[in-house]
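Peer 1: Sequence order for the protein chains is A and B. If you're matching positions, the first sequence starts at 5 in our numbering and goes up one per residue. If you're matching positions, the second sequence starts at 3 in our numbering and goes up one per residue.
Read the hints as simulated data drawn from the structure, not as lab findings. Every residue gets a Cβ at the ideal spot worked out from N, C-alpha and C, and that includes glycine. It is possible that some hints are incorrect.
In silico DSSO-like links for lysine-lysine, alpha-carbon gap of 30 Å or less [as the list claims (entries may be wrong)]:
id, chain 1, residue 1, chain 2, residue 2
1, B, 18, A, 278
2, A, 131, B, 248
3, A, 181, B, 18
4, A, 19, B, 248
5, A, 278, B, 223
6, A, 30, B, 223
7, A, 20, B, 245
Where chain B lies over chain A, by a calculated footprint (3+ residues, C-beta under 8 Å) [as the list claims (entries may be wrong)]:
id, stretch
8, 277-291
9, 311-320
One-sided excerpt, in silico: chain A residues whose CB lies under 8 Å from chain B [claimed, not checked]:
id, residue
10, 103
11, 115
12, 142
13, 144
14, 148
15, 169
16, 170
17, 185
18, 187
19, 243
20, 294
21, 297
As a plain string of letters, each chain reads:
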Amino acid sequence: MSVLVYLETENQSLKKSSAELASFAKALAGSEKTIGLCVNASDAANFTSYGLDELIVIDHPAQTLSAEEVAQLVAAIAEEVSAIKVIIGSSADARYYGSLIAARLSASYIPNVAAIPEQRDGELLYKRSVFTNKGYAYTAAKASRIVIGLSKNAFGIHENNQPLTLSQRSLDLDTPKVRSEGVEKASGKATIADADVVVSAGRGLKGPENWGMIEELADILGAATACSKPVSDLGWRPHGEHVGQTGKPVSTNLYIAIGISGAIQHLAGVNTSKVKVVINNDPEAPFFKAADYGVVGDAFEVVPQLIEKLKHFKAQTA
Amino acid sequence: MKILVCISAVPDTTSKINFTDNDTRFDTQGVQFVMNPNDEFGLTRAIWFQEKQQAEVHIATVGESQVEPIMRKALAIGATKGYRIDAAPVDGFFVATQLSALIKKEAYDLVICGRESIDYNGAMVPGLIAHECNYAFINTCVHLEIEGGQAKAIREIDGGNEKLSTSLPLVIGAQKGLVEESDLKIPNMRGIMMARQKPIEAIPAIEVAPRTFDVHFERPKVKGQVTLVDANDLDTLIDLLHKEAKVL
Ligand SMILES: Cc1cc2nc3c(=O)[nH]c(=O)nc-3n(C[C@H](O)[C@H](O)[C@H](O)COP(=O)(O)OP(=O)(O)OC[C@H]3O[C@@H](n4cnc5c(N)ncnc54)[C@H](O)[C@@H]3O)c2cc1C
Ligand SMILES: Nc1ncnc2c1ncn2[C@@H]1O[C@H](COP(=O)(O)O)[C@@H](O)[C@H]1O
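Kindly produce the complete structure, drawing on both the sequences and the hints.
Peer 2: See below:
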């Protein structure tokens, strides 16, 4: 028996999320073997710090695999190594192939897992967020296999140096039903899913022409930019930036909300972020109740000042 | 083209979430139920196919009779027939198995689900259906065109978009972007009147063991007080973020 963790790669490198996923797999495995699986990773041999016993690297001619191919691959390897627990992350791709892996393995599928499971009355209960973070369920798996989707930043990185057996191989996969015709991605820009900091702005900014300072602030912080729903509905910003209950979830270290009132639908999607900073000229804005730090003030005055001060701070600490 | 839109009834987005019976059950008291927002985007696109490409649009919900007002709304928006699979949804696998049985029987060409339901956020029903029915599957779908059994689609990925192509039959996970917020239809009087005549067929659920069980629930911890920083003293904010919160 073993625990299998699927690690995503980008440009031939393991993604940053891999460290947390492997740490979680190790903690869950206890004395069982912890096995990683990834595709086309040239840096796999260096991945020795997070407790994996073995890392299987699949060589595949395609740069990235489709969801169907990932599902076939992970299910096949899970069978081969007799993995009872299969761990995946919470990226947009993971939310795509997760159910397909579970279906292939006839497994229980528990996404949005927020912690290491607890024993209760002889059963392992997985804490997962439900109602878009307005509650948690403690869920038991009823099938003999389980696919676990770990929420980002839910467990953290736990170092655990250990010798790693690397095995490199290829595997034939069926032709997927859905074909990729190309990916469009802003290059060099941090994404909401991966960034440690997200700078988000709302209708308080008055119009799309005022986003220059938001982008500048994000640049200095190496942050991704995001927005409230009406801002994307109005076409001020692209849909991909819409965060909240009906948009993208944000679970980052630092979330800075500028000119966003903090409606319940917005908060639901961002409140698992560790530290929230709110800048709003209305001291009664509901977001202040959900924030860790707040500045009551006009964004058009506060943000430019904050940019200057952060530049200074970064220059000093660099 | 025969289209099925799978619709789940979820608590209104402004609902306060409480649990009852010793925290073993979601407390529906005082909660207003609505059509899952992702499903509403999907339904609107389905009606577009009905109006522009002579598609036939059915809806299905796994739920007990209290979901019917939401199904009626979908019929008032334009779907022509509803199936209510008569069972309380236990988990995503249970729901997907029920819907798959109907889909196989009716041989739908296109099945539109939401990317996730905003109650249990499983994001699993469409993928499980696709596997069970052996259909193609496109998740987080923000654009869909169909011509002669061929589908061209765009899905949202982290930080961008991916163009995809496939053939029917197909399951998609819909979300905002598939249609715009401003395209969403509010049922008009005529639609509401017509919906009263449209059939909602209740069908018995098939026996299937769910694969997960929610043993108990918990509300998130209440947050501490916000630390306010003066707008003229942003150095203090940076200092707090650096030294206290350790995020800079
Ligand atoms: C079904 C449904 C789903 C929804 N899903 C989402 C979702 O996923 N995400 C989401 O974000 N919303 C969602 N909403 C919308 C949500 O209810 C709010 O309407 C929305 O979040 C408000 O956006 P906002 O804060 O940008 O705008 P507003 O509410 O207009 O707030 C603007 C804020 O800016 C402040 N402000 C104004 N001028 C300045 C200034 N000069 N400097 C500083 N501050 C200023 C104001 O004090 C105010 O607090 C949903 C709504 C529904 C009905
Ligand atoms: N009880 C249900 N009846 C019909 N469709 C459902 C039901 N539950 C979920 N779905 C569909 O599956 C999608 C994803 O739901 P979920 O996997 O629960 O997040 C929803 O947006 C619906 O389209």
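Peer 1: Verify the proposed pairing of residue 278 of chain A with residue 223 of chain B, using a straight-line Cα cut of 30 Å.
Peer 2: Judged against 30 Å, a Cα distance of about 13 Å means the pair holds.
Peer 1: Hey, does the residue 170 of chain A contact hint survive, CB to chain B under 8 Å?
Peer 2: It is violated, given that the least Cβ distance between residue 170 of chain A and chain B is near 27 Å, above 8 Å.
Peer 1: Residue 20 of chain A and residue 245 of chain B: Cα distance at most 30 Å?
Peer 2: holds (24 Å)
Peer 1: Go through the hint on residue 142 of chain A and say holds or violated, using the shortest Cβ distance to chain B against 8 Å.
Peer 2: holds (5 Å)
Peer 1: Hold the hint about residue 294 of chain A up to the distance rule: shortest CB distance to chain B must be less than 8 Å.
Peer 2: holds (6 Å)
Peer 1: Is the interface hint satisfied for residue 103 of chain A? The criterion is a beta-carbon contact with chain B at less than 8 Å.
Peer 2: Residue 103 of chain A check passes; min Cβ-Cβ to chain B is 3 Å, inside 8 Å.
Peer 1: Interface hint check: residue 187 of chain A, Cβ to nearest Cβ on chain B, cutoff 8 Å. Holds or violated?
Peer 2: Nearest chain B Cβ about 5 Å off; hint holds.
Peer 1: Checking hints one by one. Is residue 185 of chain A an interface residue toward chain B, by the C-beta closer than 8 Å rule?
Peer 2: holds (4 Å)
Peer 1: Check the hint pairing residue 18 of chain B with residue 278 of chain A against an upper bound of 30 Å on the C-alpha distance.
Peer 2: holds (22 Å)
Peer 1: Keeping to a limit of 30 Å between CA atoms, is the pair of residue 181 of chain A and residue 18 of chain B held or broken?
Peer 2: Not OK: residue 181 of chain A and residue 18 of chain B at ~41 Å, beyond 30 Å, violated.
Peer 1: With 8 Å as the cut and Cβ atoms as the points, is residue 148 of chain A at the interface with chain B?
Peer 2: Check failed: Cβ of residue 148 of chain A comes no nearer than 10 Å to chain B, outside 8 Å.
Peer 1: Double-check residue 297 of chain A for me: the hint is only fine if its C-beta lies closer than 8 Å to a C-beta in chain B.
Peer 2: holds (5 Å)
Hint compliance for this structure: hints 3, 14, 15 and 16 are broken, all remaining hints hold.
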